[in-house]
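My request is simple: use the sequences and hints to build the entire structure.
Residue numbers for the sequence shown follow numbering that gives the first Met the number 0, so the first one is 0 and each next one is one higher.
Since the hints were made in silico from the structure, they are not lab data. Each hint should be verified, as a subset may be incorrect.
Within a straight-line C-alpha distance of at most 25 Å, the following computed DSS-like cross-link-like pairs (lysine-lysine) qualify [to be verified]:
id, residue 1, residue 2
1, Lys43, Lys3
2, Lys29, Lys42
3, Lys29, Lys43
4, Lys3, Lys29
5, Lys29, Lys78
These numbers come from a predicted model, not from an experiment.
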Amino acid sequence: MKSKIDDLNWAILTCLQENARASFADIGRKVGLTPPAVAERVKKMEDMGIIEGYNTMVSHVLTGHQLRAIITLRAFMGKLKPFLTLVGTLNEVINCYRITGNENIVMEVVLKDQFHLERFIDQLIQYGETRTHIILSNVVRNAHIQREA
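Structural data, given as structure tokens:
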């Protein structure tokens with residue numbers, strides 16, 4: 000599907016992906032628009048759902064979560080829907096995806112330590128078979144969505 004985003008909106012999106020706190024004046028200087036024109040375009044992209052929101056990046060380590068992990072879940076028969084209801088209530092889960100393949104779910108979680116990890120997995124095993132992968136470091140983090148050629 001071809002994107003319906005024009006060159007100026009792509010330029011604005013690039014600026015916002017680099018710094019979501021940039022002022023409309025700063026973005027306007029970079030893309031050649033007035034601050035009100037930038038604000039209007041941003042509002043339209045928000046209304047269209049192109050801009051889904053703005054986030055704050057928080058250090059899991061500095062908030063007391065020494066472990067970050069990827070956990071996959073292969074749901075037992077009849078347990079996927081109850082799990083999907085539960086997962087949004089689990090404070091450890093910072094991202095969760097329903098996927099294709101042998102596993103049904105991929106979660107990114109933050110945990111205080113290995114004991115917290117063990118307790119967390121104990122909560123999950125009634126819903127399915129889990130696999131845990133401890134994250135050592137980020138290789139790519141929040142890469143920008145680029146315009147297709």
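Taken at face value, is the distance from the CA of Lys78 to the CA of Lys29 at most 25 Å?
-> Violated, at about 51 Å.
Satisfaction of hint between Lys43 and Lys29, Cα-Cα up to 25 Å = Roughly 19 Å between the alpha carbons, so the hint for Lys29 and Lys43 holds.
Verify the proposed pairing of Lys29 with Lys42, using a straight-line Cα cut of 25 Å.
-> 18 Å, holds
Are the Cα positions of Lys43 and Lys3 separated by 25 Å at most?
-> 13 Å, holds
Straight-line alpha-carbon gap Lys3 to Lys29, limit 25 Å | 21 Å, holds
Going through the hint list in order, the structure does not satisfy hint 5, though it satisfies all others.
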